[in-house]
Each structure stands twice: as C-alpha cells, then as structure tokens.
Amino acid sequence: MSAEGSGGVPEDPGGIRTRGGRWALRHPVAVATVLAAVLHVVWFFSFANSGGDLAAQDAWAEFVGRHPDSAYNLAWYGGMHPVSYSVVSPYLMHVLGVRTTMMIAGTVSAGLLALVLTRCRGAVREPLWPALAGVFGLLCNALSGRVTFGLGVMFALGAVAAVFCWPRKWAERRWAKAAVAAPLAGLATASSPVAGLFLGVIAAALFLSGRRPGAYALGLAPVVVVGLSAWLFPFSGTQPMKLGSAWLPFMFALLIFFLVPKRWKTVRIAAAVYAFGTFLTWAIDSQVGSNVTRLVMLFGGAVLLAALPYEVPRSRRWYAVLLAFVGLNAWITTNSVTDIVRTTPLAAWSRELAPLVDQLQKAGADRGRVEVVPASSHRESSAFPSYVNLARGWNRQADLERNPLFYDDTLTADSYRTWLDRWAVHYVVLPADKPDSGGKDEAKLVRAGLPYLQQVWGDKNWQLFKVHEPTNLVSGPATVVRAGADQLVIDVRQAGRVLVKIPHSPWLGLVDGAGKAVAPPQETSASKARGGDGDGAAGSSRKEFANTAGCLFKAAPDDEGDVWTELLVPAPGVYRVAAKYQLPRGTPCPEELIRQALGPPLRPAAPVR
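Residues in the sequence shown are numbered consecutively from 1, following full-length UniProt numbering.
Rather than coming from a laboratory, the hints here were simulated on the basis of the structure. Take every hint as true, because none was put in to throw you off.
In silico DSS-like links for lysine-lysine, alpha-carbon gap of 30 Å or less:
no.	residue 1	residue 2
1	434	460
2	554	543
3	543	516
4	444	466
5	528	516
6	466	434
7	242	444
8	444	460
9	460	362
10	440	242
11	460	440
12	177	262
13	528	554
14	528	543
15	440	362
16	444	362
17	265	177
18	434	362
19	434	444
20	554	516
Quantities reported herein were computed from a predicted structural model and do not represent experimental measurements.
Produce the complete structure using the sequences and hints provided.
Printed below as a string of structure tokens:
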C-alpha cells in the first residue's frame with residue numbers, strides 16, 4: 001500500500017507506524033478525549049489560579065450558591081442580574097466546582113470536535129491531527145480561565161454534532177435531529193451568549209449554503225434565549241474592541257476563506273461571515289467586543305490543519321497553510337501565556353486577607369459600598385463580596401457603562417469624589433497588587449493622597465481609607481442596617497419616600513424577615529365597588545390602594561443620568577429590599593400611589609414678556 005494519500009502527502013505525517021500509532025489514527029475521538037482530559041488535569045494542578053476570569057466565575061458560583069433564588073446581585077456595580085452573565089453556568093459551576101466544570105467541558109468538547117471531524121471523513125482526510133489542534137485550542141481557553149465560555153462551547157459542539165453527525169439510518173427523521181440540536185443550541189447560549197453568537201455564524205453559513213433545516217436548528221434557539229434574557233433581565237454596556245485586537249482574527253478568517261479547499265463551501269462561508277462580523281464588532285460598539293476573537297482562536301488551527309493534506313507538499317499554498325497554522329498557534333499561545341502572567345494574583349489575596357476583612361467589619365463597612373482599586377488579577381471581585389458590597393467588580397462592559405471616568409481620561413480628584421458620592425462608597429482599599437488597566441490612574445490618585453480620604457489602617461498588602469462624610473445608600477428618613485449581596489436592610493423612621501441608591505430593576509421587591517416576598521399594594525374593596533378607572537378624569541373616581549408593607553418604583557433620572565430605586569413606606573419600621581425570582585416580578589407601586597407620592601406635575605412657568 002502506498003504511504004501517500006490522495007492529496008500527495010503521507011497519510012502518516014507524524015511518522016507513527018507503530019501499532020499504537022496506527023490505533024491512534026483509527027480512533028481520533030478516543031485519543032483527543034484522553035489527551036484533553038490529561039491536559040486539563042495538568043491545567044488544574046499547575047495553572048488554575050484564582051485570578052482573571054476565574055475570579056469572576058468564582059464570585060458568580062458563590063453568589064448563586066448562597067442566594068439561589070436571587071435575581072439581582074447587589075455586591076457588584078450597585079446591582080447586576082446573574083442572567084446578564086449566564087443563565088445556567090453559575091449554578092453548574094456551584095454544583096460541580098468552577099475548575100471541575102472547565103475540565104469536564106474541555107474534555108467533552110475535544111471528543112465532540114474529533115467526532116465532527118471524523119464523521120466529515122469525506123472532507124477531512126486525516127481527522128486525528130486537526131482534532132489534536134482543537135485540543136490545543138481548548139487547552140488555551142482553559143489557560144485563559146474561560147469556564148463559562150468553555151461550557152457554552154461544549155453544548156454548541158453537541159448541537160453541531162447533532163446536525164453534522166446524525167446517523168444515516170435516521171436521515172429521514174429531521175424533526176428528531178432538530179429536537180436534539182435546538183435544545184443544545186439553547187443551552188449553549190444560556191451558558192455563554194458568546195457561544196450562541198458563534199452558533200449563529202455556523203447557522204448563517206448553513207443558511208447561505210442552502211442547508212436550511214440545519215440552519216434553523218442551530219440558529220433559532222440562540223435568538224430566543226438572547227431575546228428573552230434581554231427582555232426579562234435588561235443590561236447595557238460595551239466591550240472594547242481596538243484595532244490591535246481586531247486585525248488578527250479578521251486576517252485569520254480571511255486566510256481560512258482563501259486557503260481551505262473551494263469545495264468546503266460551508267466552511268468558507270462561515271469564515272466570510274465571521275470576518276465580516278469581526279469588522280462590524282470593531283466598527284460598532286457592542287457588548288460582544290473583543291470576545292469575537294474566541295472562535296478562530298479555538299477552531300482556526302483545526303480547520304487549517306484539516307486543509308493541509310489538500311495541498312501539494314512544499315507548494316506555495318502548502319507553505320501558506322502551514323505558516324497560517326503556525327502563526328495562529330503562536331498567537332493563541334502568546335495570548336494564553338500573557339493571560340496567566342497578567343492574572344496570577346499575589347499570595348496575599350488567599351493568605352493575608354483576614355486582617356483587612358477584620359478592619360472592614362469593625363468599621364461597619366457593610367452599611368455602604370467599598371471601592372477596592374481593581375487589581376490586574378481581579379481577585380478582589382471574588383474575595384470581598386462575602387463580606388461587603390463592592391462599588392465595582394469584574395465585568396468590563398458594566399464598568400465601562402457605569403464608570404467611564406476610569407477609561408476616558410476624566411479622572412481627577414474632584415471627579416473621583418463625585419464618583420464616590422454617586423455610588424455611596426464609604427471605604428477605599430488600595431492593594432499592593434499590580435492594578436488593572438481600569439485602575440492604574442485611580443491607584444496613582446489614591447496613593448498620592450486626597451483630602452477626603454483618611455488612611456485608617458494598612459500593612460504591606462493593603463491600605464484602607466475612610467471617605468470623609470460619605471454619601472449614604474439611602475436618602476430621607478432612613479438608615480442602612482446592612483447592605484448584603486442579596487438584600488439591603490433599611491430602618492425607616494417615618495412614612496414616606498426613601499431614595500435607595502440601587503440601579504432600578506423590575507425584579508427588585510420587598511421581603512420579610514424570613515426572606516419571603518411580601519405582597520404588593522392591593523386595591524381596596526371600596527375602590528373596587530366604585531369601579532374607579534384610575535385616570536383621575538372628571539366624573540370618575542381614582543383607584544385607591546392599601547399599601548400595608550411598602551412598595552418600590554423607578555426614580556426619575558438624576559443629574560448623572562442614573563436611575564435609582566425609590567421605596568414608598570406606609571409606616572416606620574425595618575424594610576428589606578431584595579430581588580426574588582418570581583412572577584409577577586418585584587413589589588411594584590401602582591401608578592396611582594406613585595402619583596400621590598410625587599404630587600401633581602409642576603405647571604410650566606409663564607413666559608416672560
């Protein structure tokens with residue numbers, strides 16, 4: 001038998017003619033799965049620190065573990081919906097463990113990718129080698145700590161496998177294929193919207209190549225998940241995408257388009273769609289931003305290596321494919337090493353945090369927010385939420401949206417004081433760790449000394465500053481008893497309105513001391529008997545409501561454009577603001593009560609004549 005394949009290259013490019021080598025060539029799925037498992041175990045013991053994206057995932061897993069029924073996390077940025085991060089991954093990470101989830105997702109993903117390559121044997125002549133390239137891409141994803149995205153990729157590959165690897169004997173059962181692929185596509189998006197976006201790229205390629213059933217199976221569920229999430233759990237923000245981040249994925253997408261075999265129609269269309277999407281992401285600010293780079297980083301190497309046997313050895317195109325493959329892997333390797341170096345936290349975050357926490361607890365810092373100048377590792381985002389609510393956290397989109405002064409060169413002593421008041425910050429912590437790009441100027445400012453910050457404690461790892469005359473979390477006849485990640489406890493001295501500096505969410509409501517949601521105001525029996533229409537028109541009666549336990553409504557935007565929450569209380573007492581998963585959402589005030597509380601609208605001033 002000839003040692004040459006039909007493409008003119010050795011069928012055994014690694015020179016492995018041993019019995020074990022031949023077995024490996026015949027069983028790429030098993031080889032890729034086992035190798036991925038081993039490499040992810042090595043990652044777990046050698047590189048899985050507590051910084052970077054792992055810090056964010058640790059924080060979300062801990063939050064849903066402590067408060068599984070809470071729809072609003074008050075420990076970050078004043079308040080964030082867990083669903084705006086991921087619908088399902090925090091719960092899975094809490095149950096399985098963040099790093100265990102990464103190992104499982106990476107291993108299963110490697111097996112699924114190898115399965116897809118193997119079942120495409122008519123197009124992929126030697127699936128083992130591209131499968132191993134995919135294993136390396138998945139390892140780099142683990143090195144960067146992207147567990148949530150890795151989980152989404154696992155479900156996405158499952159959906160792709162259902163479309164491309166469906167048994168031939170069931171070829172006529174398209175409904176069954178869709179019944180498998182669509183839920184997996186939905187789970188992928190519910191785990192990571194970025195993974196759902198990449199499924200959209202594949203769905204678009206299938207649609208444009210005339211394979212409509214597969215396109216619908218992969219593309220419709222992500223749209224539904226994203227639409228429902230955005231509607232029920234609103235979130236705004238942008239992820240930066242500079243030219244330096246955009247040109248590499250754009251270039252490699254074009255290289256794939258021009259270098260893979262022309263009969264790989266779906267792959268080439270996907271590459272073109274991805275390149276166009278990368279350009280749009282760079283040109284138009286969005287929540288996707290630099291996250292768009294991940295698709296080609298994960299699978300670009302596998303696609304290029306799968307295309308190599310189709311070229312004449314040592315021809316110009318053969319060298320072009322090989323150089324593209326080497327260049328892409330050099331890029332993702334450098335990126336992963338940089339992520340490890342940049343996000344590895346100092347040991348003090350784990351071993352010497354207790355003295356600082358003790359000082360914060362003694363000072364009653366849990367009655368306001370605490371600003372921890374963000375470290376490059378972002379370890380603060382998971383280290384503190386169990387004790388105090390942070391003014392910031394680790395979500396670049398939210399940080400850019402709510403705290404632009406740290407990015408647009410407008411940070412001064414005066415603007416910083418305004419920002420501290422805006423977010424009701426009572427204490428500032430300056431770690432000795434290297435600051436994040438969004439904290440470098442802040443660290444310099446705090447370290448240089450500010451008249452409204454008084455250092456009250458410090459050691460070699462931390463400096464703790466007290467804000468002089470800080471703004472309270474509540475305004476009006478009320479004081480904060482405790483500000484926790486799941487609820488804000490307020491002691492109100494008299495009936496009336498209380499402004500609460502929590503960004504408004506329709507999920508916010510009131511709960512009793514046992515954490516059970518209280519009923520919203522109900523229309524009185526007398527009002528129902530009168531049949532009031534609530535519009536206050538002449539000849540009609542206004543609806544009346546009994547506000548026995550309090551209610552919440554959206555405050556008017558302030559001078560900064562912030563939309564806070566207002567509490568309307570019927571009597572003095574202790575009130576607890578929380579956000580339980582329930583329908584209808586929250587404890588909203590009826591419009592009639594809001595109008596009564598706000599009073600009649602001001603008449604416009606008479607024109608000066």
